[in-house]
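K.L.:
Please arrange chain L on chain R, whose structure you already have, making use of the hints.
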Amino acid sequence: MRVFLVDDHAVFRSGVRAELSRETDMEVVGEAGAVAEAVAGIDAAKPDVVLLDVHMPDGGGVAVLSGIATGPVCLALSVSDAAEDVIAVIRAGARGYVTKTISGAELADGIRRVAGGDAVFSPRLAGFVLDSFTGRSPVPEPPLDPELDSLTPRELEVLRLLARGYTYREIAESLFISVKTVETHASNVLRKTQQSNRNALTRWAHRRRIE
Amino acid sequence: MLPAPGPEPVGAPMPETPRLVRRSGGRVVGGVAGGLADHLGVDVIKVRLAFVLLSALVGAGLVAYGLLWIFTPGGADAAKPTGDERRQAIGLALLGLGLAVTVGWLFQGTAANVIAPIVVVAVGAALVWREYDVAAPGPRALFGLPARPSVVTWSRIVAGATLIVVGLGVVVLARIDLSSLGSALIAVAVTLVGAGLLTVPLWLRMVRALNAERGARIRNEEREEIASHLHDSVLQTLALIQRQAEDPQEVLRLARSQERELRKWLFDDTAPAQSSLATALRTIAGEVEDQHGVKVTPVTVGDVAMDPGDTGAGLPKEHFTALLGATREALVNAAKHADVPEIDLFAETEPHQVSIFVRDRGAGFDVSAVPADRRGVAKSICARVERRGGTAVIDSTLGRGTEVRIVMPRTDSGSSEPDEVEGDDEPAAASVPDTHSSTRDHPTG
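Chains R and L, in that order, give the protein sequences. Note that the first sequence covers residues 1 to 211 in my numbering. Note that the second sequence covers residues 1 to 445 in my numbering.
Excised from the complex, chain L in its bound form:
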């Protein structure tokens, strides 16, 4: 009954024959008839009728249906059958069942005793299989059942199991003496327990092998993820550096931005996004590094979150942006005018205030000697902070460098420290147990 693929010329490349699949969305029982109809390009009703007629041959159609159900994979279609089609198909299925039983009965009276229960068993099995069928849509939980089994699911399973037990029971009980049922049941139970006990080591080994395999797979996946990240970032940058080896400025810039990116990936991945002052400052430092080719060394002590909704927890949005804007201005000024390769950035969040220091050891300038009309830059730092109630002082000595000190008082009572990540949130237990992994579950302070 299985549709044998047409004879193929030996040695010729395989033609693009579509694989026989069952309907999974548009199925009524198992989706076999629909799948077959799709595959053969005929009307589904003809296929169903063929199954019904075959069923008349002492249940051959039923057997064929069952075998096809078992051996063909589920398809990817989603269209549901219409109500009419469903009713018609169910009617045909019942007709097939009835035909099989009747014909069996008519032709061979004794065989009916066997065929009828077998049909019952088949119906029960079909009910249960339908629930476990992996081709059905929806998430799966333990043992392939739908993740959230409904009452219908359970009732189908229970009904199917009952049918199977009753059917088998009829077959068996027709042959054996009822009085010996008790001892037979005990024998079965004892055999089952014995088999269970004997195979305990086997089960344990299977479970262990399964766990080991899963661990290996997780490790492998992690390794692949790391490899692909390194490929996308580090290897690419190294290739760029090799090509631009004669331009030391560009090499430095590439190396620094790559270092920062990798560091962030390795050590910082749990840090909260934009709303953290420390993270925002590090981002700014990185941007200035990239745009102006200087090295910015950010050090942050404590942290405070932005408070966009004015809830009183965290730094108000205006203060937050003023601090960041002034800091960026100071960093850019130092990068442009100080003529040094390195700038220090220090930020400390205390309960009553936030202080930020930007410092370079560059040329420096005489603050008092700067003409009044050229103080726009200083103003854009100081005025921005002062508008929000803070202070900014620029301290510079010729030849000794410049320091910009920004202090912003906090009005949020200081109770808004962002939750620190606790030390016990280990990464996935099966991760590679090297010493490096221990650095990955903390944001850098």
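Looking at chain R on its own, in the form it has when it is part of the complex:
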């Protein structure tokens, strides 16, 4: 599995590189410390997974996501777990979001999961999604298109369990469904979160003068 690291802190990059070198099935094929460098490097190295820092001096994860072709899946890896950052980077197309306090093994597991097409949800991320779908998000946004965006009761249930800290396997057991189904629900949630408002994101970015 080919992994690309994007982070403006060289020390953190080397730390992640060292952690991932213990995993036999992973190989770090490149790293970058700035947006332009990252976009060029990802296009050249063609990795399977991009580990993406959210905050960088020249635009950060959202800028990288909007710059690269839709090839590799991205897992956001940030020290911040503020709602705004999480939701912005998920809307921009990241397939998951983990914080930098994560252990090496968990990170490797998350990389495998996003590479396999799943969404990686931290309990906190699930909490934000719940918040934003019930209109209580601290990130203001326009009302969602009900047909396209409303979560099914089952998806909300999965999301609540995720927010409570359950693993996919535990959710599957407590809802009497297969792990595969849980993963599908989670992916649907993420798909809806992204789709729900690409224009909202553009407006958000514009308001913040990011683009």
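Hints are computed from structural coordinates only; laboratory data are not their basis. Fair warning: this is a prediction, and the values are worked out from it, not measured in the lab. Note that the Cβ used here is the ideal one computed from N, Cα and C, for glycine as well. One should not assume that every hint holds.
[To be verified] Below 30 Å or equal to it, Euclidean Cα-Cα: the simulated DSBU-like pairs (lysine-lysine) are:
1) L:LYS336 x R:LYS100
2) L:LYS336 x L:LYS295
3) L:LYS295 x L:LYS379
4) L:LYS264 x R:LYS100
5) L:LYS295 x L:LYS264
6) L:LYS295 x R:LYS100
7) R:LYS192 x R:LYS46
8) R:LYS100 x R:LYS46
9) R:LYS180 x R:LYS100
[What the hints assert, rightly or not] What the simulated footprint calls covered on chain L by chain R, stretch by stretch (three residues with Cβ under 8 Å from a Cβ of chain R suffice, anywhere in the stretch; the number is not a length):
10) 290-302
11) 378-386
P.N.:
Same frame as chain R, now just chain L:
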């Protein structure tokens, strides 16, 4: 006339000579005589008399007073002069003015034509300066005027300006032909407009330079504030960690509490204080983390405020404290007995109820097998919540961990969502425009 400091031995360190300052609280006109009296250690009346006598020398005392007013800074005294002293001082000032005019007149008839108007101008200037004087107490607004100018202030300024204009007018008109006044005025006006037009770029540059300087200063202040905060918190903790490197438990504890503190500072600073359930839960989580050396991951969805006054808006105080107490108990139990490094805390506020889940993946226990006399802990969670109309369920499986589910119905019709902070309240416009600053104007949800 300026009090020259006494001759000092060259190369010797400066003796502690107090600086000459004017009285600012106890002034009658400009506080010069009082300041001088304080400085020389003589009676103020003597100084005033000296000024009056000097004024007889064709106004030398007046000039000296004016120069001292301009060149000495205001003092910090606050005592007001008594009514008697004030009347006496004003009398002396008038006497000085009168002397100056009379003496000038007596000695040189033509000079009086000039001196009298100059005295008028001086009085006018004194009136206006007094208002602009930065040594006067009270807040200052634009151009150094008092922030809330009273009628007296304005009338003083207007009277002073009138005196100045009249005085100068007399000096000038005595020399020139009245009939050419019109053309002279036009010439003056045209010159002023011309000068204004010519210096427009200069003004603009000054304004811009001023703004740039202010922006730089604000940025610098912010930087210094951040630096001092990091020094007080992060650097101190890092130093502690270096010293205790051989005690991993302590290092973990320090790092976690520092992380939480910094996170709060960076992302949460706008969150309301104690009255928010989410904030209170995060505080509890932090306390348990510190006391028991476990990591608590709090996730909160929605929020509700405490309603201390029983107004029907928000969660009643008893319910609020019962929820917090039960949650803390559950967290402490998990930290003590589950023997795991991590506990999940999830709270969701819905319109009709508040639910809180405390979950660990630790040892677990058989709820039914716990002896009846040992159920105090469970009771202290359940009973506390049930007294307020809620329910608490403890669900545990040996080897799989424990979950405490607390549900409290809301009686406040759910219309009490605390106002969310709107997205448009940017931090100070001149703050450092980095991407990090965008995270600072929202409370974490």
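K.L.:
Indicate, hint by hint, whether the structure satisfies it.
P.N.:
Now the hints, each set against the structure:
1. L:LYS336 x R:LYS100: OK: LYS336 of chain L and LYS100 of chain R at ~27 Å, within 30 Å.
2. L:LYS336 x L:LYS295: Holds. LYS336 of chain L to LYS295 of chain L sits at ~12 Å (cutoff 30 Å).
3. L:LYS295 x L:LYS379: Cα-Cα ~25 Å, so holds.
4. L:LYS264 x R:LYS100: Roughly 16 Å between the alpha carbons, so the hint for LYS264 of chain L and LYS100 of chain R holds.
5. L:LYS295 x L:LYS264: holds, 16 Å
6. L:LYS295 x R:LYS100: Holds: LYS295 of chain L and LYS100 of chain R sit about 15 Å apart, inside 30 Å.
7. R:LYS192 x R:LYS46: Distance of about 27 Å is within 30 Å: holds.
8. R:LYS100 x R:LYS46: At roughly 24 Å apart (the allowed maximum being 30 Å), LYS46 of chain R and LYS100 of chain R satisfy the hint.
9. R:LYS180 x R:LYS100: Judged against 30 Å, a Cα distance of about 27 Å means the pair holds.
10. 290-302: Coverage by chain R holds for the region 290-302 of chain L (5 residues, Cβ < 8 Å).
11. 378-386: violated (count 0)
In summary, the one numbered hint that this structure violates is 11.
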